[in-house]
Amino acid sequence: MEIINTNKAPEALGPYSHATVVNGLVYTSGQIPLNLEGEIVSDDVKDQTKQVLENLSVVLKEAGSDLENVVKATIFISDMNDFQYINEVYGNYFDKHQPARSCVEVARLPKDVKVEIELISKVK
Numbered sequence: 001m002e003i004i005n006t007n008k009a010p011e012a013l014g015p016y017s018h019a020t021v022v023n024g025l026v027y028t029s030g031q032i033p034l035n036l037e038g039e040i041v042s043d044d045v046k047d048q049t050k051q052v053l054e055n056l057s058v059v060l061k062e063a064g065s066d067l068e069n070v071v072k073a074t075i076f077i078s079d080m081n082d083f084q085y086i087n088e089v090y091g092n093y094f095d096k097h098q099p100a101r102s103c104v105e106v107a108r109l110p111k112d113v114k115v116e117i118e119l120i121s122k123v124k
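Everything in the sequence shown is counted per full-length UniProt numbering, starting at 1 for the first residue and increasing by one.
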């Protein structure tokens, strides 16, 4: 198993890594919409979703992968009424390549953000 951390994504909020690589697959930790300074980028769910996907992109790159190699996405949202807005931004990142996905409404997310996403991806 290879542990992945990068200084191009916000620092982990606890005792975990940005991702692990096992048997040619990258398993990312959930990313929330923090910038490199550890601040929430915006209260707008679209801005939050974009930041999460940008964070995940740099984590995947560090692990030798990219969004085109994602096989599964799991999205956690604090309000299912935001689903359409999250989907709109998500669709800009996963247009032609559409991996399997789950989306779950949860009671609360770290730092009370609106969205958290984790990915499973193939190493290129």
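No lab work stands behind these hints, which were simulated from the structure alone. These numbers were taken from a predicted model, which means no experiment stands behind them. Here a beta-carbon is modelled for each residue, glycine too, at the ideal position from N, C-alpha and C. It is possible that part of the hints are untrue.
Calculated lysine-lysine pairs in the DSS-like style (CA-CA distance at most 27 Å, straight line) [said to hold, decoys possible]:
#, residue 1, residue 2
1, Lys-122, Lys-72
2, Lys-96, Lys-50
3, Lys-72, Lys-61
4, Lys-8, Lys-122
5, Lys-111, Lys-50
6, Lys-111, Lys-61
7, Lys-124, Lys-8
8, Lys-50, Lys-124
9, Lys-111, Lys-8
10, Lys-46, Lys-8
11, Lys-96, Lys-124
12, Lys-61, Lys-122
13, Lys-122, Lys-96
14, Lys-124, Lys-61
15, Lys-61, Lys-96
16, Lys-124, Lys-111
17, Lys-46, Lys-72
18, Lys-111, Lys-72
19, Lys-46, Lys-96
20, Lys-96, Lys-111
21, Lys-61, Lys-8
22, Lys-8, Lys-50
23, Lys-122, Lys-50
Now the in silico label distances, taken between C-beta atoms and shown as ranges [said to hold, decoys possible]:
#, residue 1, residue 2, range
24, Asp-79, Ile-3, 32 to 40 Å
25, Ile-40, Ala-107, 24 to 32 Å
26, Met-1, Val-71, 12 to 20 Å
27, Met-80, Ala-100, 15 to 23 Å
28, Asn-81, Asn-23, 37 to 45 Å
29, Asn-7, Asn-81, 30 to 38 Å
30, Leu-36, Lys-124, 35 to 43 Å
(message) Could you work out which of the previously given hints the structure breaks and list their numbers from low to high?
(response) 16, 20, 25, 30
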